[in-house]
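K.L.:
Protein chains in written order, with this note's numbering: chain A, 1 to 602; chain B, 603 to 1204.
Because the hints were derived from the structure by calculation, they are not lab data.
Using N, Cα and C, we set each Cβ at its ideal position, and we do this for glycine too.
Treat the hints with caution; some may be incorrect.
Which stretches of chain B does chain A cover? Using the computed rule of at least three CB atoms under 8 Å from a CB of chain A, they are [said to hold, decoys possible]:
#, stretch
1, 635-641
2, 685-693
3, 728-740
4, 794-808
5, 1121-1128
The residues making up each chain are set out below.
2 protein chains.
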Amino acid sequence: MRTSIATVSLSGSLTEKLTAASRAGFDGVEIFENDLLASPLAPEEIRARCADLGLRIDLYQPMRDMEAVPADVFASNLRRARHKFELMSRLGADTVLVCSSVHPLAVDDDALAAGQLRELAGLAQEFGIRVAYEALAWGRHVSTYEHAWNIVEAADHPALGTCLDSFHILSRGSDPKGIEDIPGEKIFFLQLADAPLLAMDVLQWSRHYRCFPGQGGFDVADLVRRVLHTGYAGPLSLEVFNDVYRQAEAGPTAVDAHRSLLLLQETVGVTAPPAPVVPTGVAFAELVTPDAEPVASLLGALGFTRTARHRSKPVDLWQQGEARVLVNTGPAGRRDGTSLAAIGLESPDPAGAALRAEALLAPVLPRRRAAADAPLDAVAAPDGTELFFCATDRAELPNWRADFEDVAHESGPGGVRGSSGGVRGIDHLALAQPWHQFDEAALFHRSVLGLHAQESVDVADPYGLMRSRAVTNADGSVRIALSVGAAPSDDTVHAQHIALATDDVVTAARRFREAGGRVLPIPANYYDDLAARFEFAEGELEAYRELGILYDRDAYGEFRHCYTRTVGRVFFELAQRDGGYRGYGAQNAPVRLAAQHTVTGG
Amino acid sequence: MRTSIATVSLSGSLTEKLTAASRAGFDGVEIFENDLLASPLAPEEIRARCADLGLRIDLYQPMRDMEAVPADVFASNLRRARHKFELMSRLGADTVLVCSSVHPLAVDDDALAAGQLRELAGLAQEFGIRVAYEALAWGRHVSTYEHAWNIVEAADHPALGTCLDSFHILSRGSDPKGIEDIPGEKIFFLQLADAPLLAMDVLQWSRHYRCFPGQGGFDVADLVRRVLHTGYAGPLSLEVFNDVYRQAEAGPTAVDAHRSLLLLQETVGVTAPPAPVVPTGVAFAELVTPDAEPVASLLGALGFTRTARHRSKPVDLWQQGEARVLVNTGPAGRRDGTSLAAIGLESPDPAGAALRAEALLAPVLPRRRAAADAPLDAVAAPDGTELFFCATDRAELPNWRADFEDVAHESGPGGVRGSSGGVRGIDHLALAQPWHQFDEAALFHRSVLGLHAQESVDVADPYGLMRSRAVTNADGSVRIALSVGAAPSDDTVHAQHIALATDDVVTAARRFREAGGRVLPIPANYYDDLAARFEFAEGELEAYRELGILYDRDAYGEFRHCYTRTVGRVFFELAQRDGGYRGYGAQNAPVRLAAQHTVTGG
C-alpha cells in the first residue's frame, strides 16, 4: 500500500520535512497548513519539490470549524475555502481534510451540517478536489466516526467522503467494527496514530502524546484490517503530534515512522517481508577503548581470560563461561572513549536476520573486514550500537570466532571456558538511549529483532527521572535494558553496562575483590532497610553489606547483584537471578545511581 | 510560621538537598526515605548535619500499606515499623507519615484500620514518635481527608493524628471546609503542593506535575486559612513531585520554593512583608554588546537618537519618544555577546520595591557604580536579567538619567524626545527563560513585582514546541513575555527582543527600510492566507506583504507587527496595538520563528 506522513509529525522547515519523508521511503505527504504558511517556497515550487522527491501530496489541512454554523459564518467559510481550493490547485493536492466543527456558534443539527458540507463539496468539485470529513474526538457536536459518516451519507455528494483517524476513534473507545459498514470508496482518507494509554484530557493527549503505530497501546492493526475490508485503496498516512518528535531530527524520525508502517502492513497481512529471526543468545559484547589496560584489569579481576586476538584488527577476545567480551583498541575507542559499541547476537540464521533488518530500514553497516575474515552481517540500532548477527562454533555456519587466533595463556581453575570468577554468561546488556529515541528503540528491537518489549518503568536518579524498558527473547537468553534520562544531559552516570550472570554472587563478588577489583560501595542505610523489609538467613545480610550486594524480590524469584566501578562509560554488574525473577533490580536503581554519582563526585 | 520542604522536591544528593533548603531559609525538612537510603551518611551524621544547617527533621516517610491488612501482613509491618522507629530515634525525627493503604489485600474495614493504627501508635509512643495518617487521593479504601480523620478519631490514641496534604485534598475536588471540624492539635502535619489544572490520572498528576503554591491552579491559600483556623501550629511543608525540579539545580529550586511559602503566608495574613510596588512603566532596556556598531546602526535605522552617555561607564543612551535603550560595551557584552541584560522599571517607590524584592528572596545586586552616580536598586530575575527600580525625571526621586551626560547630536524631526521613526515607547520585552525556570519566573514576577501572570500558550517552533506566558501591570505599561523551549537547546532563535510601540506600523516599517534597516522577510504564503481569512481595506494587505508586517485580531482589537534582523541574541519588533488587543501575536509566532530559522540557516 502507499504510505504517507503528515508534515506536522516531523521537525524542521517544510523542505527538511519533505526530504526526510522521501529518504525514509514514504510515497506521499499530508501538508499541514502552518508548514506551508511558514515556507518561503511558493505552492508551485513545493509541488515541484515533492515531484522531484517522488512524493504525492495526498492531503491538505487548512479547514477548521466549517460546518453546522450560522449562514454568515458559513459564507465567510466558503470564501476562505475558495482561496484554499485555488491554493490546492497550485499545489497539486486533490483531497482536503475538514474536521468536525468546534466553533462556539456551531449547532447540533445534522441536516444543516450535511447541507453545508454538500455545498462545500460542490465548490470543491469545481476545482477537482475531494472533501474528507472527519470526526474530532472533541468535536462540538460530532465526535464519533459513525456520526461523521451519517452526515456524509446524508449529504450524498460524490466529492464528499469521510476521513478515519485511528486516534480519534480509539481514544474515545469507539468500537471500530462499524467501519466495515462504510463503503470503501467513501473512505477518502485514513490517518493513523497510536498513543500510550493515558487517562488524560483527550485534546492534550492528542496534541502532545501521539506516537507511531506499535509504540503505544491502541490496536491500530485491528482498525486497519477493518478499513481494508471495506476496499479502501488510499494511503496509510501517519498524523502524529508529539512534543518529542517536534524536536528530534527529522531524518531518524521519518525512518522510525516508516518502519512502523512496514510493521503494521506485515501485521495486517498486506505484505510479507522476510520473517524476524529471533536471536538465541549473546555471542559477544564489544567494548571500544583508547586504552586496553583499565578494561583488561577489570575483566581479569572478574575472572575473564584473554583467550584470542583478531587476525587483522586490534581486538582481543576475553572469555569466561559463555560470556565473551571483545576489547577493541581501534579508532572508535579513541573517538568515543571506553564504551559498549557492538553486540554480537547469536542467530539461527544470520543472513536471514540481516535481510529482515534491512527490510525494516535498519541501516546496514559496511563490512569493515579483511578479505580472509568470516562474513558478518551487521546493522546499527537507533542509538548507534552495532548489532552483529553471528554464530558461535556451529558447524553449518561461518564462525565469527574463526577470525580470532588463540593466544597462549594461563587458564584459570575451570580452563579456558571455565568460570574462574563464577561467571556463566551474559545476563543482560544495558544501553542508555539518546533522549529523542526511546520509543524508536523499543519498536526497533521489537520489529527488527523480534524481541518482546516489557513495560516501561520510572527510575529516580538524584538528578532527574529516568525511564527504563527491557526487550527480551522468550527464554531470557537475550535481554537488553534500554534507558533514557528525563532530558539530554550528562550521561557519564547513565552509562552502558554489561551484566554478567552468576549462580553465586557472594562468591563471585568476593573473588572479584580478592583479585583486586573494587565494587561500588552501597550505603549502610540501604542494608538497615533490607533488614526491616525482609528476613534473611544467618550471615546473609552481612555478606551483602560487606560486598555491596543489592537485593530484590518479585512474584517469581529473587535477584542479587553488585556493580564494578565505571571505566569510561562502561561498568559491569554481577547478577544472580533465582527462581524466575523477571526484573532488573529497578527497585535498587536509585541507590545504585546515587552511589555512582557519589563515586564520580557528580 | 515554620517552613519545611520534603527532600524529594529537590535534586541531588541528600547533602546537596539539605544545604539548598538551609540556604533558601527553610526551618525544617521532611526526609524522603529513598534519600536516606541512598546517602552514605549515617542517621546520626544526617542529624548533626541538619543541626549545623539549622534544619529540624520535621517528618520521616518510610511507611507504606500499613493498615487494614491481614494479621500476618500487619505483623510484618509492625516489625518493619520498629526498625524504622529505631532509625528515627537515631535521626532525631519525631513524626512519621503513614499514607492510606494501597495494599492489594487491604480491606474496607474502618474498625480494623483504626485498631491497627492504634497499635502502631502505641509502638511509636514508646519511641517518643507521633504517627500522622494521611489519605492518598488514590488510597484503596481511604481516599478523602474526612475518612482518614474519622479513622484517627475512632482510633483515639494520643500518638496518632492526621496529616493533611493540599494536593490529595484539592485534586479530588474535596471541599476543604470540613477541615475546620478537626481539632488543631490532632492535625499533626500539613503538606502543601499546588498543581496545574490537568484532567489526568491523579497518580500520574501527583507524581510528575505538582508545583509550588501559586504556580498552579489550586486555591492552596484557602485551604491553609482553614487549617490555621483549627489552631494548627506545625510547619507549612512543601511536598512537590515534579519531573523538572528533579533535574533543576537544587539551590534555585529551593529559593523558588521558599518564596512560594512567603507569598502564601502573606496571602493568608500571617505575615506582612513590605507591600509590592507595582512598576508603572519601562524606564529603559539595557543591551550589552561587545561591539556597539551593529546595535547602533539598527537603533539609528529605527529612528533612535544617541542622546547621552554615562558619566563613568561605557554606556550610551539611545532615545525615541518614551523608548530608551542603553547600549553597554562593558565587560558583560564581551562575555555574553549582544543580549538584553537589564530592564529599568519605572517605580513609584524604588526603595520600597527593592525592600519587597529582598523580602521575597530576589538576589539583590551589588551597586556597580561610581561614588557620584545616583543610587539605583537592582535585583536579579531568575533568568539573570537585572531589574533596576528607578525614576525618570521625577523631582522627588533620584533620577537615573542624571548619571548620563547629554551628547551633541542632530535631533530628528520631533527633536530629541520626538519619534523620528514613529516609535512612542516600549510595547513589551520578551525574554527566553532557562528551561528549568519557567514556572519560577512567572511566580517571581508576580510576587516580587506585583505583576499579573496571563495564561500560558503553546507556540510551535519548527524545532520544538515553546511555551509563552506574559506578565503585565494593570494598564499594560509594563509587559514582559516569558518564553521557554521544550528542551534545553540552541537559543539563538529563541532570543530576547524589544517590542517598540508605534501608532502606525506601516509608516514606521517603511521609514526603517528607507533608513537602511532590513525587516525579517515573511513568506508570501502567509499573506495569501491572510487574504483568505480576513477582508482588508484597499492596499492594506499589499503594504503588509511589502513590509513583512504580520496581522492578528482578538476579541478586543487588532495587532500589526514586524521584526528586524537579529544581532547577537537580540532583535526588535515594531508593534501597533489597536482597540485594546491583549495578546502578543502568538498566532503568528510559528511563521516568525520559521522565518528567523530561514534567515539564520538554523
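K.L.:
Against this structure, judge whether each hint is valid.
P.N.:
Evaluation of the provided hints:
1. Here the stretch 635-641 of chain B counts 6 residues with a CB under 8 Å from a CB of chain A, which clears the bar of 3, and the coverage holds.
2. Using a Cβ-Cβ cut-off of 8 Å, 3 residues of the stretch 685-693 of chain B lie near chain A, which meets the minimum of three, so the contact claim holds.
3. Counting residues of the stretch 728-740 of chain B whose beta carbon lies closer than 8 Å to any beta carbon of chain A gives 0, which falls short of the minimum of three for the stated coverage.
4. Under the rule that three or more residues need a Cβ within less than 8 Å of chain A, the assignment of the stretch 794-808 of chain B holds, with 5 such residues.
5. Counting residues of the stretch 1121-1128 of chain B whose CB lies closer than 8 Å to any CB of chain A gives 5, which reaches the minimum of 3, so the coverage claim holds.
Of the numbered hints listed earlier, the single one contradicted by the structure is hint 3.
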